[in-house]
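Spelled out from the first residue to the last, the chains are:
2 protein chains.
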Amino acid sequence: MKLKNEIKEIRNNEYGIDNIFLNRWSPRAMSGEKLPKNELMALFEAAKWAPSASNNQPWRFVYAQRDTEQWEKLFNSLNEGNREWCEKAGALVVILSRSNMEYKNKPNPTASFDTGSAWISLALEGAKRGLVVHGMAGFDYTKAASTVNAGKIFKVEAMCAIGKRAPKNSLPENLQKKEMPSKRKKLSEIAFEGKLPK
Amino acid sequence: MKLKNEIKEIRNNEYGIDNIFLNRWSPRAMSGEKLPKNELMALFEAAKWAPSASNNQPWRFVYAQRDTEQWEKLFNSLNEGNREWCEKAGALVVILSRSNMEYKNKPNPTASFDTGSAWISLALEGAKRGLVVHGMAGFDYTKAASTVNAGKIFKVEAMCAIGKRAPKNSLPENLQKKEMPSKRKKLSEIAFEGKLPK
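Sequence order for the protein chains is G and S.
Residue numbers for the first sequence follow this note's numbering, beginning at 8 and rising by one.
Residue numbers for the second sequence follow this note's numbering, beginning at 8 and rising by one.
Just chain G, same shape as in the assembly:
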């Protein structure tokens, strides 16, 4: 996979990793079109192959296509800042984890961590397909949980907006400035030999 032009000037591939990781970012400009169901299913299929403790697969995804009753409710659970650009999303997805083990009635301590690995698989596959997949923590967790019937066992971890990409200038002006791939810490700030620094 080639490094995309929009990435080249901002992100650098130091050790020759697969460009799938650098090409994924979180645009906001979407076209307002619906997504074909096959396209959505492909993203969930990527998610399902994630690893998890004892292969427990605690991740669940609840999606709502735009122009449906559930979409309206999930949209209304978003913070104002996210509503501004999510109105052009094709689908909204609530990402949940099962907080107990499926076959034993005990807590699953890695449920959130494992679900994070499923979530990014979805996002990587989406980016590869040229879609916007933008994760969000800025929403009313209680409202979203109640909308999707999370109950007591399932914990809402995050939401994401998925949609077809649109030109940057279709965004409100304040968001156009933010429409670019983000940078990261240096490797030396996240990977350490032997011990964390004091």
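Treat the hints with care, as some may be off.
Same chains, same label: a pair holds when it works inside one copy or across any pair of copies.
Below, simulated BS3-like cross-link-like pairs (lysine-lysine); rule was C-alpha separation at most 27 Å, straight line [said to hold, decoys possible]:
#	residue 1	residue 2
1	K190	K135
2	K111	K185
3	K202	K162
4	K193	K9
5	K184	K44
6	K15	K159
7	K41	K184
8	K113	K162
9	K11	K80
10	K15	K44
11	K113	K192
12	K150	K80
13	K185	K171
Derived from the structure by calculation, the hints contain no laboratory data.
The structure displayed is predicted, hence computed values, not measured ones.
Starting from the known structure of chain G, fit chain S onto it as the hints suggest.
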């Protein structure tokens, strides 16, 4: 990327996703060789591009190359079952998350979830390079945390073993039977339209 032969008979690509997701699994047979530092750094580089709330990047990785003092300590924190095959690992890695926000003194509710997305990026890049990258929750979390100086701010999420692959028959007999890619739930058990089922 082609679907590997060892995967073909066990995993099926229904919606045409990138084979990087299907090709990743968690072998146990490793050669006992050390890993070149460049190879390890590449895995951490893949991890660093993961998304996180407010680009907070809560993930940290502490690694120990085999035949070092820290490797011995981390190895001894593993459950007996994991010690059986990890003795041939090239490196052991402790995966941690920063439980508060870096620039604000408040808890980071997505720290574990975000760190899961960094972890699988590391694992996907490793699998693509033909390495074993095998995640573990079976170890003494308190011992591992103290070994790497986690302190109060960093939470140990998981560990992983990384190494060069070796033939299945190099494993103890009881583990040879388990040396194959695992299956997953059906998509209809993890992705739902509108609501979770009752």
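Verification of the hints:
Taking the shortest alpha-carbon separations for K190 and K135, both the intra-copy value of 19 Å and the inter-copy value of 24 Å come in at or below 27 Å. Taking identical chains as interchangeable, the C-alpha atoms of K111 and K185 lie at most 27 Å apart only when they sit on different chains, with a minimum of 21 Å there against 45 Å within one chain. Within a single copy, K202 and K162 get their C-alpha atoms only as close as 32 Å, which misses the 27 Å cut-off; across copies the closest is 13 Å, which meets it. When the C-alpha separation of K193 and K9 is checked against a cutoff of 27 Å, the pair qualifies only within one copy, where the shortest distance is 23 Å, while the shortest distance between copies is 32 Å.
Taking the shortest alpha-carbon separations for K184 and K44, neither the intra-copy value of 32 Å nor the inter-copy value of 38 Å comes in at or below 27 Å. When the C-alpha separation of K15 and K159 is checked against a cutoff of 27 Å, the pair qualifies neither within a copy, at 45 Å, nor between copies, at 38 Å. Taking the shortest Cα distances, K41 and K184 sit within 27 Å of each other inside one copy (26 Å), while across copies they are farther apart (46 Å). For a Cα distance limit of 27 Å, the shortest separation of K113 from K162 qualifies both inside one copy, at 15 Å, and across copies, at 20 Å.
Taking the shortest Cα distances, K11 and K80 never come within 27 Å of each other, neither inside one copy (35 Å) nor across copies (43 Å). Within a single copy, K15 and K44 get their C-alpha atoms only as close as 32 Å, which misses the 27 Å cut-off; across copies the closest is 25 Å, which meets it. Taking the shortest alpha-carbon separations for K113 and K192, only the inter-copy value of 20 Å comes in at or below 27 Å, while the best intra-copy value is 37 Å. In this homomeric assembly, K150 and K80 come within 27 Å of each other (Cα to Cα) only inside a single copy, at 8 Å, whereas the closest approach across copies is 45 Å.
In this assembly of identical chains, K185 and K171 lie within 27 Å of each other by CA distance solely inside one copy; the values are 18 Å within and 41 Å between copies.
In the structure shown, a violation is registered for the earlier hints numbered 5, 6 and 9, in ascending order.
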